[in-house]
Amino acid sequence: MTSTTLDTAAERRKLVRAGLSRRHVGEKMFRFFGVVAIVLALGFVAILFADVLRKGIPAFTQSNIHLSVTFDPEALNVDPAPVREPGQSDAAFNAANLAWQRQVAMLNWNTVIEAALRNAAPQGFDIDSRQILSIVETDARHRVREVFVRDPSLLGQTVEVDLLASANADNWVKGNINRDLSDTQQQLSAPARALIDTFEENGTIRQGFAWSLLSNVDSRSAPASAGLLGALMGSLWMMLIVVVLAVPIGVGSAIYLEEFAPKSRLTDLIEVNINNLAAVPSIVFGLLGAAVFINWFRLPLSAPLAGGLVLTLMTLPTIIIATRAALKGVSPALRQAALGMGASRTQMVFHHVLPVTFPSILTATIIGVAQALGETAPLLLIGMNAFVAAVPGTPVEQATALPVQIYLWQGNENRNFFEARTSAAILVLLGFMITLNAIAIFLRSRLEKRA
Amino acid sequence: MDMLAGKVKTTQQTVNTAMNPTDALERPIRLTAQDVTVHYGAKQALHGISIDIPDRAVTSFIGPSGCGKSTFLRCINRMNDTIEGAKVGGTIKLDGEDIYAADLDVVELRARIGMVFQKPNPFPKSIYDNVAYGPRIHGLARSKSDLDEIVVSSLRKAGLFEEVKDRLNEPGTGLSGGQQQRLCIARAIAVGPEVILMDEPCSALDPIATAIIEELVDELRENYTIVIVTHSMQQAARVSQRTAFFHLGNLIEQGNTEDIFTNPVNKQTQDYIMGRIG
Numbered sequence: 001m002t003s004t005t006l007d008t009a010a011e012r013r014k015l016v017r018a019g020l021s022r023r024h025v026g027e028k029m030f031r032f033f034g035v036v037a038i039v040l041a042l043g044f045v046a047i048l049f050a051d052v053l054r055k056g057i058p059a060f061t062q063s064n065i066h067l068s069v070t071f072d073p074e075a076l077n078v079d080p081a082p083v084r085e086p087g088q089s090d091a092a093f094n095a096a097n098l099a100w101q102r103q104v105a106m107l108n109w110n111t112v113i114e115a116a117l118r119n120a121a122p123q124g125f126d127i128d129s130r131q132i133l134s135i136v137e138t139d140a141r142h143r144v145r146e147v148f149v150r151d152p153s154l155l156g157q158t159v160e161v162d163l164l165a166s167a168n169a170d171n172w173v174k175g176n177i178n179r180d181l182s183d184t185q186q187q188l189s190a191p192a193r194a195l196i197d198t199f200e201e202n203g204t205i206r207q208g209f210a211w212s213l214l215s216n217v218d219s220r221s222a223p224a225s226a227g228l229l230g231a232l233m234g235s236l237w238m239m240l241i242v243v244v245l246a247v248p249i250g251v252g253s254a255i256y257l258e259e260f261a262p263k264s265r266l267t268d269l270i271e272v273n274i275n276n277l278a279a280v281p282s283i284v285f286g287l288l289g290a291a292v293f294i295n296w297f298r299l300p301l302s303a304p305l306a307g308g309l310v311l312t313l314m315t316l317p318t319i320i321i322a323t324r325a326a327l328k329g330v331s332p333a334l335r336q337a338a339l340g341m342g343a344s345r346t347q348m349v350f351h352h353v354l355p356v357t358f359p360s361i362l363t364a365t366i367i368g369v370a371q372a373l374g375e376t377a378p379l380l381l382i383g384m385n386a387f388v389a390a391v392p393g394t395p396v397e398q399a400t401a402l403p404v405q406i407y408l409w410q411g412n413e414n415r416n417f418f419e420a421r422t423s424a425a426i427l428v429l430l431g432f433m434i435t436l437n438a439i440a441i442f443l444r445s446r447l448e449k450r451a
Numbered sequence: 452m453d454m455l456a457g458k459v460k461t462t463q464q465t466v467n468t469a470m471n472p473t474d475a476l477e478r479p480i481r482l483t484a485q486d487v488t489v490h491y492g493a494k495q496a497l498h499g500i501s502i503d504i505p506d507r508a509v510t511s512f513i514g515p516s517g518c519g520k521s522t523f524l525r526c527i528n529r530m531n532d533t534i535e536g537a538k539v540g541g542t543i544k545l546d547g548e549d550i551y552a553a554d555l556d557v558v559e560l561r562a563r564i565g566m567v568f569q570k571p572n573p574f575p576k577s578i579y580d581n582v583a584y585g586p587r588i589h590g591l592a593r594s595k596s597d598l599d600e601i602v603v604s605s606l607r608k609a610g611l612f613e614e615v616k617d618r619l620n621e622p623g624t625g626l627s628g629g630q631q632q633r634l635c636i637a638r639a640i641a642v643g644p645e646v647i648l649m650d651e652p653c654s655a656l657d658p659i660a661t662a663i664i665e666e667l668v669d670e671l672r673e674n675y676t677i678v679i680v681t682h683s684m685q686q687a688a689r690v691s692q693r694t695a696f697f698h699l700g701n702l703i704e705q706g707n708t709e710d711i712f713t714n715p716v717n718k719q720t721q722d723y724i725m726g727r728i729g
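First to last, the sequence lines map onto chains A and B.
Sequence positions in the first sequence follow the numbering used here and run 1 to 451.
Sequence positions in the second sequence follow the numbering used here and run 452 to 729.
Okay, chain A solo, but in the shape it has when bound (with noise of 0.2 Å):
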């Protein structure tokens, strides 16, 4: 009897003992299996980060050319600008020093800025006019017309003004461009590439930290000075918007279904559809909004207004199940002991559920709201692709956003210039979207902490 119990017992730990070692393999492998899946994914985010960062930070810094402008009377044919007199109304000095602007907007500034080029180059530099001024920004005229027109007293004086260069003059100096390429195939002339070689060692042309980029709008015509301004304050009114309506909208939802609504078919329906609409391709709330906000509601085309509510709809689902989740995980010993207490359903939620979800209703809210932050295609179908040179100041105003505006830039036909400025825009939109985390995390571990 004794003897066979031990058998029994050497037999059974015989089999165990073969079985462990395939299940150690077993864990083994899988362990494996994990680190390469993680070494991976790092790997691809670091090669994504690596490839971003090395051609959009050279883009953050601008070629500038430093340049002493001289207001020549003679170029300048211009009345003095109009004076204040006493007894002159309001409306009749407003009306003469517009008509004085115009009068100024209509010189050739392009002969007071190509004077200025060809005073900083050698001495009997063989050059035409056409050729010169392809080594300034176009936008320059503007700039110098505007410290003129602040400034009337400066006729006859020079200025020292640092005006943008070219964005062909921009990709010669960082070497965006083939040097050894033939004549045909180069942007810029022959001896406007030879000046510009001579601005760069004489330091007329420095490398200058890109302001344009954050301070102006999209230009077309002077692609050096084009910015993201415009896009930026498209996208802070649209998250302006989807945070005020998809916030207490979903949260609302969310806590409604979970906590007060019987169960029914019909709410078991509106689940099962709701986690539809979270799987929904972002295009389609696209076509939606150009149908039902721009066609039916005639809200303006292009506006941040529509486009924050098309974001608003798509950032729905993922907060309402985010919530509904969160709220499902609460455990019942604390409703039970709220009810237990006499607190109503209300109270129950409002007192004590809600506050213990308050941080995962926020992750979900940060999730949301940097994914609409991202969305581009939804907001292809309401116009917001459109050309916008201007800032919006509210949001029916037209405008683009930022991920929309990348998308036009990798776009542009000048992919020298452009490639590099799409970067810098992907790192804005990078950096953008960390302070919305940063400042949504910081408030979230303060709530924390005072729970």
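A couple of the hints might just be wrong.
What the hints assert, rightly or not - Okay, derived cross-link-like pairs now, SDA-like style, lysine to any residue, Cα gap no bigger than 20 Å in a straight line: (1) 576/B - 336/A; (2) 449/A - 437/A; (3) 538/B - 551/B; (4) 494/B - 517/B; (5) 576/B - 351/A; (6) 449/A - 577/B; (7) 328/A - 575/B; (8) 263/A - 536/B; (9) 576/B - 345/A; (10) 576/B - 445/A; (11) 608/B - 666/B; (12) 576/B - 598/B.
These aren't lab readings, by the way, just hints derived from the structure by calculation.
The hints should help you fit chain B onto chain A, whose structure is shown.
Same frame as chain A, now just chain B:
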């Protein structure tokens, strides 16, 4: 530690004789249940429970797991309402008033019938806010000093005040298990209930914390009608004057605790008490 050991000793494992058992029967009846049934969906959990619960005494429900004692307890403050698919039949009257009447407000009922749960479940708020919550939502305190008074006296009655008086603003969840359960009792008392239901209040506690709670229950019966569900027959014997034995959804036997434990009429009760079932 010595003090606690002393406390354990005072509540010996004998039938509570602090009150003459016949007294409990002579006390006015506070709660009356008549033929109470509970269905969870198709499954019947309680089969026609009828019981009278006397005023200002401790009534304990004993029985093996799944016998329906907790289910019945949760009928008394209508906590079963919150369970999907639960249906309650029969009548339960508090002071002659049907608590399942259509015009009865369940919020008001729960202010009159407090509850302490199996696992200590303080709110994730400060100790003060835990106790102040009930008076706040029911509008019982006219001023801040009123509220302070209610909080302090409730904590005192629950025997917790001396231990927590210096940290009323610290979270209630930071207390030990036994302290948390006393905090839950203080929270229930703060509303001034007439009846306190306790659903196995000591099952998650160590013996010393259990002894403290048992002593507290004994003190509280001076002012409150207490119904306690317990797994432990010893606990029922120690703290209650009336005992009801449940088995498989039926109320098998009820009576004075001393009679139930020393002289059970029913064979099943006898078997349970002797440790043969359960």
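Against the 20 Å threshold, does the CA-CA distance of residue 449/A and residue 437/A hold or violate the hint? Holds. Residue 449/A to residue 437/A sits at ~18 Å (cutoff 20 Å).
Regarding the pair residue 449/A and residue 577/B, is the alpha-carbon distance no greater than 20 Å? This hinted pair holds, its Cα atoms lying about 13 Å apart.
Is residue 576/B within 20 Å of residue 445/A, Cα to Cα? With Cα atoms ~17 Å apart, residue 576/B and residue 445/A stay inside 20 Å; holds.
Restraint check for residue 494/B with residue 517/B, where alpha carbons must lie at most 20 Å apart: Given pair residue 494/B, residue 517/B holds - Cα atoms ~13 Å apart, limit 20 Å.
Straight-line Cα separation of residue 576/B and residue 345/A no greater than 20 Å? Distance of about 19 Å is within 20 Å: holds.
Please work out if residue 263/A and residue 536/B have their alpha carbons no farther apart than 20 Å. holds, 10 Å
Given hint residue 666/B paired with residue 608/B - CA-CA distance at most 20 Å: holds, 12 Å
Are the Cα positions of residue 576/B and residue 336/A separated by 20 Å at most? holds, 16 Å
Given the proposed pairing of residue 538/B with residue 551/B, does the C-alpha separation stay at or below 20 Å? With Cα atoms ~11 Å apart, residue 538/B and residue 551/B stay inside 20 Å; holds.
Does residue 598/B sit within 20 Å of residue 576/B, going by the straight-line distance between their CA atoms? holds, 16 Å
Holds or violated: residue 576/B with residue 351/A, Cα cutoff 20 Å? holds, 10 Å
Would the hint linking residue 328/A and residue 575/B be met if the CA-CA limit is 20 Å? Satisfied, since the Cα-Cα distance of roughly 17 Å is no more than 20 Å.
In terms of the numbered hints stated before, the structure departs from none.
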